[in-house]
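Novice: One letter stands for each residue in the lines below.
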Amino acid sequence: MYNASDLRKNLRIMLDDEPYIVVDFQFVKPGKGQSLYRCRLRNMLSGNQMDRTFREVDTFQPADTQEKNMQYLYREGDAYHFMDNESFEQIALTEEQIGEAKNFLIENMECKVLLFRDRPIDITLPNFVDVVVTEAPPWIKGDTVSGNYKPVIVETGYKVSVPPFIEQGQKIRIDTRTGEYLTRVKE
Amino acid sequence: MSADRKLEARRRALETRADILHATRAFFLSRDYLEVETPCRIPAPLPESHIDAVPSGTWWLQPSPELCMKRMLAAGFRRIFQISRCWRGRERGARHLPEFTLLEWYRAGCDYRGLMTECEDLFLYVSGAVGTGGKLHYRGRDVNLAAPWERLTVGQAFERYASIPLERALKEDRFEEILALEIEPRLGNPTPTLLHDYPLAFGSLARRSKARPDLAERFEIYIGGLELANGFSELTDAEEQRRRFERENEIRAKRGQPSWPMPGKFLEAIPRMPESAGIALGVDRMVMLFADASSIDEVVAFTPEEL
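Residue numbers (the working numbering), protein chains in the order written: chain C, 2 to 188; chain Z, 8 to 314.
If you are wondering where the hints come from, they were derived from the structure by calculation, not from laboratory data. Don't be surprised by glycine CBs; every beta carbon is placed ideally from N, CA and C. Careful: at least some of the hints might be erroneous.
Said to hold, decoys possible - A few chain Z residues that face chain C, going by a derived Cβ cut-off under 7 Å, partial list only:
| no. | residue |
| --- | --- |
| 1 | H57 |
| 2 | R97 |
| 3 | G100 |
| 4 | H103 |
| 5 | R181 |
| 6 | E183 |
| 7 | L186 |
| 8 | A187 |
| 9 | E227 |
| 10 | N237 |
Whenever a hint applies, use it, and build me the whole structure from the sequences.
Specialist: Shown next as structure tokens:
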């Protein structure tokens with residue numbers, strides 16, 4: 002069980018029988034009065050956000066969630082299929098649950114899937130992925146108008162800005178947290 | 008950011024801190040106050056329901072130097088000030104550190120109104136010393152420190168800013184919530200606010216108002232939405248003080264928290280206390296104001312997380 006004083010950013014708690022994650026947190030204490038904990042919480046099932054203020058006497062159960070290492074297998078329509086690395090059981094997440102991560106999912110990639118009472122609700126990708134550039138405009142020497150960056154498309158269909166020397170067929174590394182190009186990967 | 012670069016980024020705020028400390032000492036010495044030092048480790052903290060003293064062996068680290076300083080007041084020291092380290096458990100946020108610096112001063116023959124004036128003088132003096140000249144710029148807004156500051160009763164503040172009346176907030180135990188979330192952010196602009204005359208239950212060590220026995224002669228300073236200090240006319244009735252301490256312990260017991268031991272020597276000294284007033288001012292918050300810092304982390308050399 003958590004007390005109000007345990008509230009922190011990213012803490013996962015149960016409220017009204019649903020899992021929430023604390024996305025913003027502010028400790029407020031007037032004069033010699035009781036402590037107040039202002040939180041912005043995101044419902045981990047619906048994605049909806051809400052603000053709530055807790056007091057020092059409030060207590061919470063930890064959210065009934067569990068993180069498992071899984072391998073991304075394939076996509077079929079709206080469903081993204083994963084396999085549990087230990088039990089070899091397969092589960093599927095919807096495109097909505099996958100969110101931005103769909104831009105970086107490559108077959109056989111290892112990721113962490115978050116489960117709520119055995120139902121998958123979210124995934125966390127490795128911080129960096131290496132992807133092949135499938136479409137790139139040719140490098141025009143002396144082209145400085147575009148600020149020395151050009152847009153390319155990678156194997157997942159994601160569009161990203163890269164330095165002009167990157168060519169089609171090359172591998173590049175992307176930071177999945179920011180979605181930005183990091184470096185060229187030499188093989 | 009590396010630890011060294013973090014410290015370097017705080018250099019200016021730390022210089023402002025040093026200037027404020029020097030100016031504060033000069034201010035009180037010029038008014039015949041004696042600078043005192045009392046022990047940080049004490050056998051019984053002040054019994055307050057919402058302050059958690061940090062244990063140190065079988066004793067505690069002081070949440071404030073209040074008890075020792077009042078014993079000095081009772082012994083005939085008529086003007087004293089202290090700048091000391093204080094500890095309050097489970098208090099951490101953008102405006103709170105579990106270890107922080109408190110300035111406390113006590114003055115015999117003075118009531119809370121006299122202290123309000125002295126606060127105006129102190130801030131003007133300090134602003135001169137740190138070079139902001141009678142005003143300051145905090146979080147995008149100018150605050151004019153020239154006296155007189157706005158004086159607002161708690162009752163007026165509720166009428167002006169709160170979503171529910173004071174009586175209802177008290178009845179529903181939402182007084183502090185409304186004060187902190189609805190009223191505080193709007194106080195102290197464009198001049199500092201002296202919020203005064205608190206409901207009696209919110210002035211544990213403050214004297215009861217003669218004209219309004221339901222109120223305590225307590226005030227707080229707000230500048231730019233930031234709470235700076237808490238002062239009051241001292242309660243000199245030992246019996247009433249003991250009853251109030253017991254009530255604080257009852258509140259703790261209801262929440263399943265251990266009660267505090269009674270500070271016996273302080274209670275014994277109360278009848279000898281002269282008519283007086285005292286105040287505690289958060290030095291870190293004062294530095295935040297003059298250094299225009301949004302977080303208390305920016306005005307200390309190290310936060311506990313950085314140790």
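Novice: Each hint: holds or not?
Specialist: Quick rundown of the hints versus the structure:
{"no.": "1", "hint": "H57", "verdict": "holds, 5 Å"}
{"no.": "2", "hint": "R97", "verdict": "holds, 5 Å"}
{"no.": "3", "hint": "G100", "verdict": "holds, 3 Å"}
{"no.": "4", "hint": "H103", "verdict": "holds, 6 Å"}
{"no.": "5", "hint": "R181", "verdict": "violated, 10 Å"}
{"no.": "6", "hint": "E183", "verdict": "holds, 4 Å"}
{"no.": "7", "hint": "L186", "verdict": "holds, 5 Å"}
{"no.": "8", "hint": "A187", "verdict": "holds, 4 Å"}
{"no.": "9", "hint": "E227", "verdict": "holds, 6 Å"}
{"no.": "10", "hint": "N237", "verdict": "holds, 5 Å"}
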